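S.K.: In case you want the letters, here they are:
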Amino acid sequence: MNMRKYFEKTDKWVVTFRYPLEPLEPPKELRGKPEIDPDLCIGCGACAQACPPNAITVHTDYDEGLKKVRIFYGRCIYCGRCWEVCPEGAIKLTNFFEMATPNKEDLVYEVVLPLHRCPRCGNYLEFTERQVHRAYTLLTRLPEERRKELLERMFLCRDCRRQVFSLEEFKNRRRDKYVQASQTPF
Amino acid sequence: MMDYLVYLAWSIILLLTALIMAPLLDGVRRVIRAKVQRRIGPPVLQTFYDLRKLFGLPSLIPYRNYLLVLVPYLVFFVVVLLSILVPIPFVISPSSTVDIISFIYILLFASAILIYAALIIPNPYSNAGSIRELLLITLFELFVAFTIVGLAYRIGTLNMYLLGIRYGWTEYYLKPSTLLLSLSLLIIAYVEGAYTPFDIGEAETEVLGGPYLEYGGKYYGLLLYALLIKRYVLLALPVSLVFVSPIINYVADIFNGFTLMVLSYGLFIIFMFLTMMLFSVIEAFNPRYRVDIVYKPILVSALIPIIGFILGWFGW
Amino acid sequence: MVNFWIRKVEDLSKEELLEIIDRELKGLVTDKYVPTNNFVVYFAEREKIPAIIEKLMEFSYTRLSVIAGNDERYYMNKLSLTYIIAFDKQDLYIGIRTYLPFYDPVAPSITDMVKAAWWNERENRDLFGIEFSGLKDKRKLVLPEYWPDNVHPWRKDYPYNKPVMDWREGLPDYTPVRETKDVDVIGFGPYHMVNDEPIHWRLYVKGEVIVDAEHRGFHNWRGIEKIAEGRLTYNQIPFIAERICGICGFTHATAYVQAIESLARIDIPDRARYIRSLMLEIERIESHLLWIGIACHILGFDTGFMLSWKTREHIMHLAEVLTGNRKTYGMDIVGGVRRDVLGDRINKAIDTVKKIRAEYKELYNMLINNTILVKRTRGVGVLPREKAISYGVVGPVARGAGLDIDVRKDHPYAAYKELSFNVPVYSEGDVLAITLVRLDEVFESLDLIEQILDKLPKGPIMAEVKEIPANKEAVGVVEAPRGEDIHYVRSGEYNKIQRWRVRAPSYANIPPVREMLIGYRLADAPIIYASVDPCLACTERYLVIDIETGKKTIISDEELKAKSRKLSKTMG
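Residue numbers (the working numbering), protein chains in the order written: chain X, 1 to 186; chain G, 1 to 316; chain A, 1 to 572.
Chain X with its partners taken away, still in its complex shape (with noise of 0.2 angstroms):
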């Protein structure tokens, strides 16, 4: 018996139904069980951040160079904050609501995203790389020069950051002190 159908028949005399031995749609607008898109997800962590009961926990594995987000619908109190900051739209409440079960294990879902690796000392990142990725993609926005000069940062990790270009700009600075300390009158 679909519940649509009778709130248009409102004429029925018996007004319960069968529901476990016969099933029962649900209005779409129900707030239902959460579900993350992997090929969406580029593993942030905000839906982390922003939900309250913290049943979505996200965990960085370094050893294996792996990003997990994982939702424990255990504590999830359906709310929709995770939909609400996700950039991307991965995860969404669908309209299920059936989620008894007998064993916890079911109650786990995780989706594991490989970390970005650093071209130059082999180190991996606490970004994925699809949050690289999407950074690229907001960078190309930036005018030429810039882009030329930050796509040479972007995919090293910090220490290798530090020593690439903090070496050279040492190097430039001890040259330009010397030139100007050559040019000075005494």
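Take the hints with a grain of salt, since some may be wrong.
Once the Cα atoms are required to be at most 25 angstroms apart in a straight line, the calculated SDA-like pairs of lysine to any residue come out as [said to hold, decoys possible]:
#, chain 1, residue 1, chain 2, residue 2
1, X, LYS12, A, LYS355
2, A, LYS361, A, ASP410
3, A, LYS361, G, GLN37
4, A, LYS375, G, TYR172
5, A, LYS375, G, LEU139
No lab work stands behind these hints: they were computed from the structure.
Predicted, not measured: the structure shown is a model, and the values here were computed from it.
Dock chains G and A against the given chain X, drawing on the hints supplied.
M.R.: Chains G and A in isolation, oriented as in the chain X frame:
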């Protein structure tokens, strides 16, 4: 010899009828009540399932008193005995050996065992429930007494079997006194059966659990079964006197003995279901009385059998 | 002794009343400050508190709402108490704040004067360790009996996630307070068919008449205020506030966000205010219909129960279509609401209201014309007016006792200033009066929803919120279906909350039930208790710890005979 065989056969049939009809009638009552409340309700056989479940549960002994374990068996036995004595017109059953005063007496005996047993248990809930039930029975005795006396006087006999047959005769049935007494019989079935306005003893949403409180598992199953059979017996009395008897008497000359018995039995079953449906609808629309406001309706309604008796005295 | 409500000030405006109060309290208070436009705080020394409260309660339409304690040892080495008093006809809340030194946290008790302080003082004693001199009831209110005496969970040095002690370490020997020869003790709860939530009443009866009653609640205490201070940001708190109660959740969330918006001076858009009012009225209807069903069920009228909950299904479906869930709406956020009412949902809402009104009229007529129901509720559980004022009862209980108070009219919030509706008031004070108040309020709510949908303004639904300023306080008040729900909020640093005190309406309505039970029959006890519409989840907001071990007394032969003799005496 033939007579004894017929008695035996009908005793067994009546016993089995009681055992099967009692939960079935309760199922019908629940289904009708659910439909009145606009919901689907349980299947008709639900009470059988409930009883089966209860008999499978571990049994609790009330308050460490092993003597009290006898109570469910006693009550059940008494009530089953009564079910054999139910009068169905023209059916040769042991009802011809008993009179209506003994019938009512045995019925009250069953209630009394239960109530006094509950008073022994030092549980304030069951005590309070028993006292309320006792009060209700005491108040109602006036009504019952006048009904019995009125019937006996009007129909001229106390024997259950003869009452069943003669009740439907036209010179008795269509008189105003008999009609009032018929109404009284139906009211007795309703009030003594503890349907909702009068289930004061067991009012479980009002702090109490009544006399059934301390029993669990198969003892509670037996007590529940006994209550259902008691309701069946109480209902059988007005059904066979008021509804079945006139119809059977009308067609008595057409059919012979055996067909008449079967017809009578069949009509009895049908009218039991119909009357239970009526009771269920009445029950659904009434909240429960409180023990101090119930005495006025009961005492005032005792006027019905009293007037019936007085009219019968004058031959109307 | 306090002479309640002898100075009639209900015709005065807010400014005139404030002038009078300033004058009256001149020698008793030391300072004054005005956090928001409806909340004024006076500072006073602790010895002067009884005199101040007595003076203030003499004005008409006042009520002691809540006593909020706070641990301010980080700022000024003191514990503080804020007595919040409502002035219902002037849209004003006056807070009297005292500071108690941490080495001597003693304040004078005002329970003898104003009964509303009874539970508040006991709670502050449990949670903060503030002693009240003159308080005779030294039992613990919210903590279990075996909790160690010098551990006070709401102090700031007690972490919110500290594991509690094992309840098996010590079960108390709960002996009854009074035991005489002919008095019977009937315990009612914590587990009983009538209760949806665990509560324990000890009813001392003679025969069928109740002579005294004792209450022991707070079995399902959850620690929500501490969790909110400990680990939630200010925008995550509306979600936990919604789960304080299973029926009036949205009122708690709204009261909280109103408090935050008040203290941060945020103006929310008009459309958001109207949508909040809409959801509040939807919640009121479904709460009242639920209560009508429960009351019928208690009186043995299951058909009324089924039919009223059938009517309630329409409202639940409407809530699901508008917000996504039948009960936890999740609509509130600081600065506005999260979901809009768009498309044909407005038409659906209007159709639902029409349908409910038709069905509810039939239900109303059926209940009013049922003589047994009326007989069982008339003259039962009467609460006299003076006691009602002293206990500070709110909501339908107050309106059934003749007090004309309703937060929607007295301290308007959301869109209620622009909407017109009536407030039903009956003066008998019995269960029938309270029932009629609730029955009439459903009609009023249906009219209100139609008005709101008619007048819904266009515009955004959320205002931009930059940052919540630290160390500001405010009071957020909403009329829950059960009465006035008041939240006292004090903001802290780093976008978190420093103190959040929730006083649900049942907190004020349950203490007088004891007075309402005395003298009536045992069979009336559940309906009297239910007439208050106890929402225990709202009242008890702290941690689960133990199961009550109730003891039943053994009744001897003589006592039983004496009881039945007494019963026949009362019957005859």
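S.K.: Each hint needs a verdict: does it hold in this structure or not?
M.R.: Evaluated hints:
A C-alpha spacing of about 14 angstroms is found between LYS12/X and LYS355/A, which places the hinted pair at or below 25 angstroms, so the restraint holds. At roughly 29 angstroms between alpha-carbon atoms, LYS361/A and ASP410/A are farther apart than 25 angstroms, so this suggested pair is violated. Taking the CA atoms of LYS361/A and GLN37/G, the gap is near 17 angstroms; set against the 25 angstroms cutoff, the hint holds. The suggested pairing of LYS375/A with TYR172/G is violated, with an alpha-carbon distance near 40 angstroms, which exceeds 25 angstroms.
Between LYS375/A and LEU139/G the CA atoms are separated by roughly 20 angstroms; this keeps the pair inside 25 angstroms, and the hint holds.
Of the numbered hints given earlier, the model fails hints 2 and 4; all others are met.
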